[in-house]
Amino acid sequence: MSVSLRLRFAPSPTGELHVGNARTAALNWLFARHHGGTFVLRIEDTDRERSTDAFAAGICDDLRWLGIDWDEGPDRGGDCGPYRQSERFDLYERYLAKLRDGGHVYPCYCTEEELEAERSVQLARRVAPRYSGRCRNLTPDQRESEEKRGRKPAWRFRSEHAAISFDDLIRGPVRFEGADIGDFIIVRSSGLPAYNFAVVVDDHLMRISHVIRGEDHLSNTAPQLMLYRALGFEPPVFAHHSLVLGADRAKLSKRHGAVSVRAFREEGVLPEALLNYLALLGASAADGQEIGTSTELIASFSLDRLGKGGAVFDEAKLKWLNAAHLKLLAGDRLAERLLPFSGEAGKRMAGENPGRFRQIAEACRDNLRTLADIAPFMEIFDPLHFSPGPEALRRASQEGDVLAAFGEALRRVQPGDGYFRRAVRHAEERTGRKGKRLLLPLRLALTGRSDGPELEKVVALLGGEETMERIERVLNFERGAEA
Numbered sequence: 001m002s003v004s005l006r007l008r009f010a011p012s013p014t015g016e017l018h019v020g021n022a023r024t025a026a027l028n029w030l031f032a033r034h035h036g037g038t039f040v041l042r043i044e045d046t047d048r049e050r051s052t053d054a055f056a057a058g059i060c061d062d063l064r065w066l067g068i069d070w071d072e073g074p075d076r077g078g079d080c081g082p083y084r085q086s087e088r089f090d091l092y093e094r095y096l097a098k099l100r101d102g103g104h105v106y107p108c109y110c111t112e113e114e115l116e117a118e119r120s121v122q123l124a125r126r127v128a129p130r131y132s133g134r135c136r137n138l139t140p141d142q143r144e145s146e147e148k149r150g151r152k153p154a155w156r157f158r159s160e161h162a163a164i165s166f167d168d169l170i171r172g173p174v175r176f177e178g179a180d181i182g183d184f185i186i187v188r189s190s191g192l193p194a195y196n197f198a199v200v201v202d203d204h205l206m207r208i209s210h211v212i213r214g215e216d217h218l219s220n221t222a223p224q225l226m227l228y229r230a231l232g233f234e235p236p237v238f239a240h241h242s243l244v245l246g247a248d249r250a251k252l253s254k255r256h257g258a259v260s261v262r263a264f265r266e267e268g269v270l271p272e273a274l275l276n277y278l279a280l281l282g283a284s285a286a287d288g289q290e291i292g293t294s295t296e297l298i299a300s301f302s303l304d305r306l307g308k309g310g311a312v313f314d315e316a317k318l319k320w321l322n323a324a325h326l327k328l329l330a331g332d333r334l335a336e337r338l339l340p341f342s343g344e345a346g347k348r349m350a351g352e353n354p355g356r357f358r359q360i361a362e363a364c365r366d367n368l369r370t371l372a373d374i375a376p377f378m379e380i381f382d383p384l385h386f387s388p389g390p391e392a393l394r395r396a397s398q399e400g401d402v403l404a405a406f407g408e409a410l411r412r413v414q415p416g417d418g419y420f421r422r423a424v425r426h427a428e429e430r431t432g433r434k435g436k437r438l439l440l441p442l443r444l445a446l447t448g449r450s451d452g453p454e455l456e457k458v459v460a461l462l463g464g465e466e467t468m469e470r471i472e473r474v475l476n477f478e479r480g481a482e483a
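Under the numbering used here, the first residue of the sequence shown carries the number 1, and numbering increases by one thereafter.
Hints are computed from structural coordinates only; laboratory data are not their basis.
Remember, it's a predicted structure, so these values are computed and weren't measured experimentally.
A couple of the hints might just be wrong.
Result set (DSS-like, lysine-lysine): computed pairs, CA atoms no more than 27 Å apart in a straight line [what the hints assert, rightly or not]:
#, residue 1, residue 2
1, K457, K436
2, K457, K327
3, K327, K308
4, K347, K434
5, K251, K319
6, K152, K98
7, K319, K308
8, K327, K251
Build the full structure now, drawing on both the sequences and the hints.
Shown next, in the form of structure tokens:
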């Protein structure tokens, strides 16, 4: 691979970073880092009505959170800037003039209403909508007449009629029939550049060698290749990956639930887990190994493993990966990540007794799918505010003999190594019960839940006195129910 390999991610700051766009960013970044190339961030903010600096800052923040860094961009500079399209209008003017001088474009005075009427007629005739070419061959006098009517022209590219072909790194040979592509606008009547024109100018001037993007951009490739040819530019290598779909195989959208990187951040998904998942989405894992750090993902990355079919977003798989990455975190790092999600009880505990907070975090590690899962567990270990709840009390109290046996065992057995296991054996002997039938009543009494950390760890963290108080609470509930 060439040492001058350069890739880019070019989001429009019109909303939060969608996981589909984050996947595109990840694929470009992984490809660039795998091959020792340059990764460029460009902000495509020509939509003045919808683009905001706040959205641009949010996108950059989400990328950094994911661990995706860039070598050139609005905040880093570089010799190919500016890196915001809103600061590049003079460049678009220059290349529009070049196309005008070469006879590749012409002014179009059609209004939106006229174009819509034209489209409606074509659709009624079951013809694919495309511009009729009404303004293509206007005489100078006709153009002057249109301008006297107060019409400001857009600029349209004179489409070629020859077939357009290219080799896609993911999809293989792709061909478009030139006759199917109408004359397209490159600069609007407002003076703003259209997407295809701005992208071609920017990618050329930024020396982009490879463009990896979603298959929804596949239809843009033909007009872009026409522009590359007319401007005398060498086009980049293209790779069009599949789109991210919901479970119903429709394009992933808000109706499917969380779709932005920000939403998953707020749900307690780890950045390394989300990056890992985006790298795997629609791809086969290298050597069957699905869990990987960013370093491992970079080392094993290959476009060859990306499939052509739609990539269905599986939130359960993401949470499984997240749980796996939580298990990889060192103890102090785990506690640090959990703290913002630990609720009032957890934050108070971390302030009063950081060591105890870390112990509880470690005990709960294997029961967490997201960082947010820690909050209810922290409440279990808060004696002042813990309450098992009426349903847990009812279920636990139905096994009062088991709890009484445990209470007796915990009073008899001397604290030390094997303390809990000796108490379990004693309760087994007294009740004749084993396994879940023996331990579930105790878990309900001590935690109010039927799942959670190992009971031995729960008892150790609660201590003998608090453990006995919780058992007595259930036994008293049972006695009250019997009275």
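Mind checking the alpha carbons of K152 and K98 for me, to see if they're no more than 27 Å apart?
Given pair K152, K98 holds - Cα atoms ~20 Å apart, limit 27 Å.
Assess, step by step, whether the Cα of K319 is no farther than 27 Å from the Cα of K308, and give holds or violated.
holds (25 Å)
With the threshold set at 27 Å, check whether the alpha-carbon distance from K457 to K327 stays at or below it.
Cα-Cα ~17 Å, so holds.
Holds or violated: K327 with K251, Cα cutoff 27 Å?
violated (32 Å)
When you check the alpha-carbon spacing of K347 and K434, does it fall within 27 Å?
With a Cα-Cα distance of about 37 Å, the restraint between K347 and K434 is violated, given a limit of 27 Å.
Mind checking the alpha carbons of K251 and K319 for me, to see if they're no more than 27 Å apart?
The hint holds at about 21 Å.
Hey, K327 versus K308, does the alpha-carbon distance stay inside 27 Å?
Judged against 27 Å, a Cα distance of about 33 Å means the pair is violated.
Agreement of K457 and K436 with the hint, judged by alpha carbon distance not exceeding 27 Å:
holds (17 Å)
The earlier numbered hints that this structure contradicts are 3, 4, 8.
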